[in-house]
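**Student:** Taking the hints as your guide, dock the two standalone chains into a single complex.
Residue numbers (our numbering), protein chains in the order written: chain A, 1 to 396; chain B, 1 to 521.
Derived by calculation from the structure, the hints in this document are not laboratory data.
Every residue, glycine too, gets a C-beta built ideally from N, C-alpha and C.
Heads up, a few of these hints could be off.
[Claimed, not checked] Only part of the chain B face toward chain A is listed, based on derived beta-carbon distances under 8 Å:
(1) V58
(2) L64
(3) L123
(4) S208
(5) L221
(6) Y223
(7) S355
(8) I370
(9) F378
(10) V381
(11) R382
(12) F383
(13) I387
(14) L468
(15) T472
(16) T483
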Amino acid sequence: MNYRPALLHTMSPIRAALPFLAATIAFGAVVPVAGAATKATTTKKATKAPVKPTTRPTTKAAQATPTTKVQAPSSTPTRPTPTPTPTIRSKKLVVYSGRAERLVKPLFANFEFETGIELEVRYADSSQLAATLIEEGTRTRAGVFFSQDAGALGALSKRGRLASLPMSLLDRVAPQFRSPKGEWVGVSGRARVFVFDPRQVQNPPETVDALLDSRWKGKLGYAPTNASWHSFVTALRQVKGEAGARTWLAGFKANSPRSYSGNTQVVQAAERGEIAIGLTNHYYVYELSGGDLRNVNVRNEFAKPGDAGALVNVAGAAVLKESANDSAALELVEYLLSKEAQQYFATRTYEYPLISSVQAASALPPLNSLGSPVVDLSDLDTIDDSLKLLREVGLL
Amino acid sequence: MRSTDQSFSRASVRHRPHLGGAALVLPAIVGAVIALVPVVYLAFRATERGLRPVVVEVSRPQTLTLIHRSAVLTIATTVLASLLGLLCALIVGATDIRCKRFWEVVLALPLAIPTYVVAYTWLGTFSDPAPFPGALGVLVLSCYPYVYLPVLGALKRLDPALTEVARSLGNSRHQVFRRVTIPLVRPALTSGSLLVALYVLSDFGAVSLMRYDTLTQGIYLSYVGSFDRTPAAILGLLLVSITAGVVILELRTRGATAAMVSSARTPQRSTIPASLGRMQAATQCFLVAVVAASLGIPGSALVRWTIASDTLDISALSRPLGATLIAALTGAAACTALAVPIAVLSVRRPSRATSFLESSTYLGHSLPGIVIALAMVFIGVRFLTPIYQRLPLLTIAYVALFLPLAVAATRSSIVQAPPALEEASRSLGVGPLATLRRVTLRISAPGVAAGTALVALAGIKELPATLLLRPTGFDTLATQIWTDTSVADYGRAAPAAMAMVVLGGISLAILNRANHLGGTR
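Isolated chain B, as found in the complex (with noise of 0.2 Å):
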């Protein structure tokens, strides 16, 4: 969190630890070029015919009618999925609630599942849902995860003695959680925030299945109604324009909460859980219904869709789930190689430019993948021809698209490394790099494979750029449920999309063993 690093930071100004200036600024810059790949592409896209387009563009009522819905969409679904990550997080993370491990691994599950499988399940299960209610409910059902788990993180780091001090000076449990313990989730609180208000802006699959049109929706429209690339590009700058916006609020937030969250050591021992009493069966029951809202309308439709179809064709996944884990991995390794040396900088270097490059791998997050596809085939056509619709050109695609998920998860875990630690290292001779390897990843090691978790789960549901910009032949399970939607048999996209969700469960898992193991996220 960045509250705990500027006062590291203070503190550090005069014996600041170098950790190898070139090796680690050269693959910061790489990935803050290739995050930015994608809004250089638009700039140049939208201002090709000059600025009158982009005037026009911009004021014309459909784009404003487009960003205001786009804008009710994001709102909306960041309050609710906060809400309720937020809600699922303190139940499991603050109270006795029976079956505590269990809820914790499965609250998390809907990350893996993609929203526009969630979509298509929603359709066959109910007839003709209304756009607003359906989007919004789909897209709070599969993002809540992202509030749940940073705010899950933190309540287990959570200090006792701060709440101990604070009930012995008088205050009453109620007041000790609204004083104490929500300012110290809320850094971990807003940054689930933001990924969920970029996702939901990025969102195609959601959206253009409940036919609720936002600006990606106004983006993929423009290519397909006109293939008039500047509207669209003109559209994309909006919504990086936006995220802009979002992800200064963001920085805005952490920097109030600063003085809160001081005390980020490792607590010693655990808080005792809160006890719910009489509650437990009717908290036992909410558990259960966003379950069932989240897991068992979507799980229950494919299922469903396996038995009624009979080419339940097993061996037909293998090909398709190894070129899966393939390109996911092959872009989790990458993102986290490039979000480390962005995460270290950032922490231990705070400045501007250290500042810039972070905040510059969120911008293209909120793109829709098609974007993303077609920046990189302009790139990869003109300037990497040889490894254009290969596995390379794909892999860095990843990056640009998921790039911000590893940053995210290693800075807040880089954060907690006391640089006491690594002077400490480096008066002993050890040289920058070996301190870095030897102090700071090992400290964080936990942090640094939640990030390459997310980012192979997001990588796992990937379609669009993965579509275009795949070597041919290459059929990623994503790619299959694609196919067989496309010549809409959902029984036959229905075990694709099941081994989708166990792959991401897997994920999962290792995300979840990775908080356990360091009590960090």
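Looking at chain A on its own, in the form it has when it is part of the complex (with noise of 0.2 Å):
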């Protein structure tokens, strides 16, 4: 409460401000390198994973003396590297990421060790950094672009925003798998399964039609907005026509679905019993249990081949037609799909491996048996007209 008039106790903005200040100055000493966050700004080092060289080559040294590689660190990789050949570059090469930070920075790290070439890698979700470099056009600084599925890189290509693969890159994964163009190429593959929990279900459900048997009423899960439901329902149209996937999913409706914000969710749910059936991607049981089934009750089955429910996404990347001529951007992209990047893929994200001389996971089924219908993941009118067809059917 107060009881003097204002204007005896006045204080200058500066004096008012100082709590302010005293507040942030106070975060700044107890946090030990609040600080440090100014240099992330000028440097990408301190973020940079341990294995890490600690020069690099610069354009000028590059250029006066080959000589001066960079050597490579005591403490070398776990594999065996390459001699880094120095790249004459002038600036980083900039990369955008739809792909989550955690997942493939060490990637990213393995690949600045062995090329010498150095990123700067800035993550979004796959669908901002499109629209990013939309409006960015051809003033992006972006060399590569990594996106989580392959709807993003569509949209791109149908702009003429992406330069053209070598076939000789393209060749290295099935042509399902890149884009029809030649403009992208998938990296990595993720089935679409059921989750169910065991414990509720004996006998999992094969195709997609068998979720609509009124038992699973109120005991599915599914994710409305995350983008592989999106081009599950462009695989179920091209499988069933129009009015057959419009039948399917009033009768998915009919059977009271429940939804959650992610395909995590729904996992989560499965396990906990909550619902009997999920429809996910494959590898979110591999990330729930850590890698080993056995700490989880949740198992997937994988749809029969040919079903809609069999669909193969992936995620993938390009290269920006501004540096169509920069060969550190085709070199990454080369990189994503070397043995030693998709060795990664199989065994940290267990996702399918995209270049058959990599296996899956063991525990995962090969991907040739899958029978993923053939859906062009990449043609955007057709995501367009899936939502569409989402919002009348009432799913959206």
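**Tutor:** Printed below as a string of structure tokens:
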């Protein structure tokens, strides 16, 4: 309560701001390296993984004395490292990554170490990055776009924002996992599955139609805003036709499926027994169990080959048009399709490697046995129509 | 409040004190221009294929559905949050509730938790909440402090003489409340409600997690589903026009209460609080329930997740904490620097032009962060290349997002600085800028500080613009939470979310202190 007129205890704005500044300083003092954030704006090294050379060839050094190559530090990484080749570059290679930092950062660090090419990686949602790239147009700083799903890559391709990739690179993956125009290439595969709770389900369904059985009423879970669900609806429309897809979605809705904010939440709900069956991607079960399925109740059921439920999505990479002649950009995409990187996806994220020389995690059925329906995942008009259908049916 | 300055302006038409012409006008225009950048960008994008797509998009049944849903949610949230905020403010500000100081701060704390965090915790606490009640619940419990804080401030400034006179004229306590107290806090109530309405219109976090489709969700889906900017821009403009309507409505309300609140002098003593008597326990229970719902649900979920996760690494928070402070404080400083001239001009030189300057800062306030971010990408990459994806551009984006918060708080305190003092200062030979600094700003310092704290609070929580515009590797607490929850690891995200609540709590404590010191808002 205030008993005096305001004028008697006026204070200057600077004094008014003092407690604020004091709080800031106090926080800086309590937290040891709060100031380090400022460094992060000027150098990226602070955020790098430990495996990292302390020096790297700068443009000048590389031009003047090609012998000043990066020396591998004494603590060499586990796998043999090829001698780094200094690239003559005036700037870092800027990468827009829609894939989570925690998953792909070690991979980028390894690439930097092995090639001496320095990366500047910006992380955000794939769709937001695609929108940013479209807005930036030809002035973009980005050289490579690493996207979580094919739709965002298709959007850029459709607007002529992507460079053509060499056939030798595209040929490393099967045609259905790359751009028909040769402008982006799939890096890892993500199969749609039915995740189920074995305590409630003895014979898990093998087709999407089996989900419509009334005994699953109120016991199904899905993530309606997830891009992989939208891709599934696209596959459904291509396999069953528009009318068939509409009928299926209406039947699905009639079975009162429970909606969750993401695929992880779907799998967790099945683990708790809240739902019996969830529509999700195959690797979430492994994520939840830490790689050992003995730790969890839930299991994956892969749909019959050819069924809409057997769809395989991809995460993929592309080079922006302005970087068409930047060898470093191409080198990064090549690296993502190298044995080493593909092995990383197989063992660390439990996704399907897309090059034939690397095997998927042993617990997974082989990729070519899944029988994914052939769908152009990057065709945006199709995705748009899928969203429209979902709205009409009332599932969005 | 507009009402009081109108009476001031009438009185001071003949001898209006000149407070540094160009030195004020220039920054005020800069502020308004920055705030209008996203609107201009949207107009450009919406019409780039001519007017036909605009007509088609606006008349689509889906668009009408989205407008309807946005309107329903906004009205429902604004009404409920205003009632809740008003009730809490009355209990704390006008009764003899016990533990007053405690409730005063704790009731404001929900403002420090971002709605996307609250919505996450709701999803983790209740299985599958229905979309509308879910979104409504999260937003009401997160937004009521926007009303609670200004109304409490107004109650503290209330001149007890007014209520005493009303009582002595034979009014019952109830009649005094209805005829005197409520009209006196009405300007604070309406400006708080305006902030709630604009916040709900712009919110993406709560509505998307609760799956309640609104215009912001439509804008987002238009980007994600088809990467088509034209419909997104048209929906954005629709949002701006709705905002313009709401702002005009609020201006009208301000005018209607003009006569009632002409006595805005600072009280010499406080009003005697109403005795709760036997209602004391019930009222305490009510406040406990409010806090349990607004702070308890998110708080307990965060604690639970932190305990459940074995990866509690406090030191990993230091960098994001530092980055958050840098971004939020530069944003708050910039907003304050631009808000002061706008507020001074709109109070001391009321005219069509200055009223436009002030209103224009509100127009973009209902746009979701992603739209502001993409507008800044568009401008930044073309015209501000040296600062693109650097801190200065992020600061400019914060100005576009949060300037109204600073303008509202600063304005209402400048209204209380009597122009007579400025005139006296000028007549003693002090220059206009020195008078502004030594007289006007000194008196309104608490309001200025409150505005700064409100912007800082909003900046701490900001996600979409920060994500796209930050310098590479500049991780704030908000982006950290995004990173952790995008691989859906609640446990990892919980410490960052709690750090954010603590930071927000400190901002609120400062806000509260500023309120106490000056007794003004």
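**Student:** Hint by hint, say whether it matches the structure.
**Tutor:** Quick rundown of the hints versus the structure:
Proximity of B:V58 to chain A is violated relative to the hint, the smallest CB-CB distance being about 17 Å (cut-off 8 Å). Hint status for B:L64: violated, given a least beta-carbon distance of 13 Å to chain A, over 8 Å. With a cut of 8 Å, the hint placing B:L123 at the interface with chain A holds, because the nearest CB-to-CB distance is about 6 Å. Because the smallest distance between the Cβ of B:S208 and any Cβ of chain A comes to about 7 Å, under 8 Å, the interface hint for this residue holds.
At its closest, the beta carbon of B:L221 sits 7 Å from a beta carbon of chain A; the interface hint therefore holds under the 8 Å criterion. A cut of 8 Å between beta carbons decides the hint on B:Y223: the least distance to chain A is about 5 Å, and the hint holds. The criterion of a C-beta within 8 Å of any C-beta in chain A is not met by B:S355, whose closest approach is roughly 25 Å, and the hint is violated. Proximity of B:I370 to chain A holds as hinted, the smallest CB-CB distance being about 7 Å (cut-off 8 Å).
Given hint, B:F378 at the interface with chain A, holds; its Cβ is 5 Å from that chain's nearest Cβ, closer than 8 Å. The closest approach between the C-beta of B:V381 and any C-beta of chain A is roughly 5 Å, which is under the 8 Å cut-off, so the hint is satisfied. Annotation: B:R382 was flagged as interfacial toward chain A, and the flag holds, the nearest CB pair being 7 Å apart, inside 8 Å. Hint on B:F383 is violated. Least Cβ distance to chain A is approximately 11 Å, over the 8 Å limit.
Interface hint status for B:I387: violated, as the beta-carbon distance to the closest one in chain A is roughly 12 Å, over 8 Å. Given hint, B:L468 at the interface with chain A, holds; its Cβ is 6 Å from that chain's nearest Cβ, closer than 8 Å. With a cut of 8 Å, the hint placing B:T472 at the interface with chain A holds, because the nearest CB-to-CB distance is about 5 Å. With a cut of 8 Å, the hint placing B:T483 at the interface with chain A holds, because the nearest CB-to-CB distance is about 6 Å.
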